[in-house]
Amino acid sequence: FSGGNSGPGCGTVHSPSDNPNVLSTGATDINDNIATFSSRGPADVTGIRKPDVSAPGVNIRSSVPGSGYQGGWNGTSMASPHTCGEAALLWAAQPDLIGNVQQTYWVIEQSALGLTSTQLCGDDVPGGIPNNVFGWGRIDAYEAVSLALSTNWDISWLGVDPVQGVVAPDDGVTLTLSFDTAGLEAGQCYTGTLKFEFNDPYVHEVLMPVELCVQAGPCVPVETADFSWVPVTPTVGQAVTLTATYTPPTATTPITYTWSFGDGNPGSGQVVTHTYAATGTYTVLLTVTNACGTATISHGLTVVAPPIQYYTIYLPLVFKGYTPTH
Numbered sequence: 010f011s012g013g014n015s016g017p018g019c020g021t022v023h024s025p026s027d028n029p030n031v032l033s034t035g036a037t038d039i040n041d042n043i044a045t046f047s048s049r050g051p052a053d054v055t056g057i058r059k060p061d062v063s064a065p066g067v068n069i070r071s072s073v074p075g076s077g078y079q080g081g082w083n084g085t086s087m088a089s090p091h092t093c094g095e096a097a098l099l100w101a102a103q104p105d106l107i108g109n110v111q112q113t114y115w116v117i118e119q120s121a122l123g124l125t126s127t128q129l130c131g132d133d134v135p136g137g138i139p140n141n142v143f144g145w146g147r148i149d150a151y152e153a154v155s156l157a158l159s160t161n162w163d164i165s166w167l168g169v170d171p172v173q174g175v176v177a178p179d180d181g182v183t184l185t186l187s188f189d190t191a192g193l194e195a196g197q198c199y200t201g202t203l204k205f206e207f208n209d210p211y212v213h214e215v216l217m218p219v220e221l222c223v224q225a226g227p228c229v230p231v232e233t234a235d236f237s238w239v240p241v242t243p244t245v246g247q248a249v250t251l252t253a254t255y256t257p258p259t260a261t262t263p264i265t266y267t268w269s270f271g272d273g274n275p276g277s278g279q280v281v282t283h284t285y286a287a288t289g290t291y292t293v294l295l296t297v298t299n300a301c302g303t304a305t306i307s308h309g310l311t312v313v314a315p316p317i318q319y320y321t322i323y324l325p326l327v328f329k330g331y332t333p334t335h
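The sequence shown begins at 10 in the numbering used here and counts up by one.
Bear in mind the hints are in silico, worked out from the structure with no lab data behind them. Each hint should be verified, as a subset may be incorrect.
Computed spacing ranges between beta-carbons, pair by pair [what the hints assert, rightly or not]: (1) Val-313 / Val-31: 54 to 64 angstroms; (2) Ala-287 / Gly-174: 20 to 30 angstroms; (3) Ala-101 / His-308: 27 to 37 angstroms; (4) Val-215 / Leu-129: 16 to 26 angstroms.
We put the beta carbon where it would ideally sit given N, CA and C, even for glycine.
Given the sequences, and given the hints that come with them, work out the whole structure.
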């Protein structure tokens, strides 16, 4: 649907473009600036983020009644047909998407050129994508087709149970993921995305990436872990770089590194940087994990106060009204 021409104020996306199940399109100009008239989110009734994407909608050439063709047309009604045409192109290029509206939406959104605005609407943050001005950004048909053709839409190795359900207020539901490596190539990693949708119009969809790595041979567990850090005795506010190691070096990958810095803050990665806000000795805990083993190690890291700075000040001394005697 066209996003609407009630901009530039926030909260100007109205029905039917504010429906959570439709793809709302805002309007951009030739320089990828948002059109002044393009409606901004969040949706005025549901409060969800809108528009979903943006497309050219300023000074557009279009067919007109009477078999004519004119330029100079403006509006999200000029932008939305671009999105419709991209969807048709996707279905022609990738037949697996035909009839699969939600996955078609996903391709259009994920392949868009991400754009940001200094205008912050709703829960937007500076530099955030998606946002309530451009959505996921200006659509890109080439990138969309490339993504559609490079994506395996039949993810047979991943199963989810249950696939739908009802969640009571202030409650939750547990989903069980199952993996099947039959027919997959050893030593390769496979990725997929779980998309969670809700019929509550006030709740955004959630995308969760999933990766499955097939071992090339028997799993070699991580046996021991250790880490070092520099500087050895950091001061308050000074960045500390911590580097994790493990044995044996032939341990099966991928390997994950989970840190607890002792001040209530976590971290991840083989090399991390952390800063402490107060003096003291902190117990830093590292956990190194692979598919068949886990190792932990902890060390005490002492943080001291910055050294006192001493300064020598030289002042000129001038005598007035004094005549020296020789």
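Which numbered hints turn out to be false for this structure?
-> 2, 3
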